Amino acid sequence: MSAEAGLAALPAAEPLRSRSGAGPAPVRIVVGYGFWIFLLSDIILFSALFATYAVQQGQTAGGPSAHQLFGLRNAGIETLALLFSSYTCGLAIVAMEQRRMSAFYLCFALTFVLGATFLGLELTEFAGFVARGAGPTRSGFLSAFFSLVGLHGAHVTVGLLWLIFLVAQTAYRGPLDYVRRRLLCFSLFWHALDIIWVGLLTMVYLMGAR
Amino acid sequence: MAQIGAVVGAATEHESSGSFWTYTAGLGFALLLTAASFIVAQTDLLWQPGVAAGLVVLAVAQMGVHLVFFLHIGTDAEGTNNVLALTFGVIIVALVLAGSLWIMEHLNANMLTPTQMMDMQR
Numbered sequence: 013m014s015a016e017a018g019l020a021a022l023p024a025a026e027p028l029r030s031r032s033g034a035g036p037a038p039v040r041i042v043v044g045y046g047f048w049i050f051l052l053s054d055i056i057l058f059s060a061l062f063a064t065y066a067v068q069q070g071q072t073a074g075g076p077s078a079h080q081l082f083g084l085r086n087a088g089i090e091t092l093a094l095l096f097s098s099y100t101c102g103l104a105i106v107a108m109e110q111r112r113m114s115a116f117y118l119c120f121a122l123t124f125v126l127g128a129t130f131l132g133l134e135l136t137e138f139a140g141f142v143a144r145g146a147g148p149t150r151s152g153f154l155s156a157f158f159s160l161v162g163l164h165g166a167h168v169t170v171g172l173l174w175l176i177f178l179v180a181q182t183a184y185r186g187p188l189d190y191v192r193r194r195l196l197c198f199s200l201f202w203h204a205l206d207i208i209w210v211g212l213l214t215m216v217y218l219m220g221a222r
Numbered sequence: 818m819a820q821i822g823a824v825v826g827a828a829t830e831h832e833s834s835g836s837f838w839t840y841t842a843g844l845g846f847a848l849l850l851t852a853a854s855f856i857v858a859q860t861d862l863l864w865q866p867g868v869a870a871g872l873v874v875l876a877v878a879q880m881g882v883h884l885v886f887f888l889h890i891g892t893d894a895e896g897t898n899n900v901l902a903l904t905f906g907v908i909i910v911a912l913v914l915a916g917s918l919w920i921m922e923h924l925n926a927n928m929l930t931p932t933q934m935m936d937m938q939r
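Chains as they are written, first to last, in my numbering: chain U, 13 to 222; chain H, 818 to 939.
Be careful, since some hints might not be right.
Stated by the list, open to error - From chain H, some residues computed to sit far from chain U (all C-beta separations above 10 Å):
no., residue
1, 839
2, 926
3, 927
4, 935
5, 937
6, 938
Claimed, not checked - Just some of the chain U residues that point at chain H, by a computed CB distance under 10 Å:
no., residue
7, 41
8, 107
9, 155
10, 217
Derived from the structure by calculation, the hints contain no laboratory data. Quick caveat, the model's predicted, so the values are computed rather than measured. Virtual Cβ for every residue (Gly too), placed ideally from N, Cα, C.
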């Protein structure tokens with residue numbers, strides 16, 4: 013028996029299938045994947061600023077140091093506000109999937125209030141530093157601090173504006189597929205910001221205040 | 818045809834967002850880890866030179882909790898690509914952070930102090 017005849021006797025290979033066995037992935041999965049790639053690139057951008065901060069941490073140029081500036085009380089309240097806003101954002105998505113619209117609006121309102129609380133505390137802290145002569149131009153340490161924490165704050169600001177826009181769109185268009193995909197992307201963005209804050213809290217505040 | 822419809826319907830119904838209890842469990846774990854971080858940073862519960870390492874471990878654990886419970890990065894079939902992309906991202910972040918610190922540490926150690934520089938100019 014030749015080798016070719018032996019091969020022909022084998023059963024035909026099964027056609028390739030997607031892992032889930034349900035054909036091409038639903039649009040929602042694909043959109044989530046694309047947005048996840050964006051978020052990872054954003055996290056890589058933050059990692060460069062984290063590295064800068066780590067290098068510049070001791071370069072105070074005779075100005076105030078991390079230990080003199082940072083209070084853990086403020087950082088703790090900020091952490092709780094952002095963590096709970098991430099939680100209510102997740103609950104809003106759950107409520108949306110179950111079409112409980114009033115719960116959805118309530119959860120997103122809480123997300124907005126908690127996010128705005130976080131931003132307000134951060135801006136107050138920044139204004140306090142600048143008033144004490146510890147602005148971003150004072151030293152390499154403070155430049156790195158304001159870039160890193162300020163970029164996170166800018167992301168939170170953009171997120172809050174996006175949240176207002178999406179709630180208005182949901183109210184106007186209703187829970188259509190594409191509106192729900194946008195809401196999903198927003199929730200991924202908001203949760204990713206909380207992950208970055210965990211790193212920020214640990215590296216800047218918890219280690220700096222010691 | 819009806820069967821295909823049912824399968825597609827099931828695929829869209831079973832969406833990658835968690836339930837109320839997933840988020841609540843995530844919140845609970847995150848609160849515990851945050852509290853642990855603050856306690857470790859403010860008390861001498863840990864051996865002092867090890868506090869930084871302890872804080873890093875707690876932060877990484879909390880990031881893991883956020884990824885699993887809030888972002889639903891899991892091991893289901895549709896999530897394989899997400900996990901691969903995350904792995905790539907983590908490698909890049911580790912390279913950027915560890916590489917920068919390593920290089921700058923060495924540059925710092927090799928740098929001349931101003932007095933040494935003046936000695937050379939003499």
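Structure-based check of all given hints:
Against the 10 Å criterion, residue 839 of chain H falls within the reach of chain U, whose nearest CB is about 8 Å from its own CB. No Cβ of chain U approaches the Cβ of residue 926 of chain H within 10 Å, the least distance being about 13 Å, so the stated non-interface status holds. No Cβ of chain U approaches the Cβ of residue 927 of chain H within 10 Å, the least distance being about 15 Å, so the stated non-interface status holds. Even its closest Cβ contact with chain U, about 20 Å, leaves residue 935 of chain H beyond 10 Å, as expected for a residue assigned away from the interface.
For residue 937 of chain H, the requirement that its beta carbon stay farther than 10 Å from each beta carbon of chain U is met, with the minimum near 23 Å. With a closest Cβ-Cβ approach of about 23 Å to chain U, residue 938 of chain H is found to remain outside the 10 Å limit, as its non-interface label requires. Checking residue 41 of chain U against chain H by beta carbon gives a least distance of about 5 Å; that is within 10 Å, so the hint holds. Contact between residue 107 of chain U and chain H, as hinted, is supported at the beta carbon level, the nearest pair being about 9 Å apart and thus within 10 Å.
For residue 155 of chain U, the interface hint is violated, the least distance from its beta-carbon to any beta-carbon of chain H being 15 Å, above 10 Å. The beta carbon of residue 217 of chain U comes within 8 Å of a beta carbon in chain H, closer than 10 Å, and the hint placing it at the interface holds.
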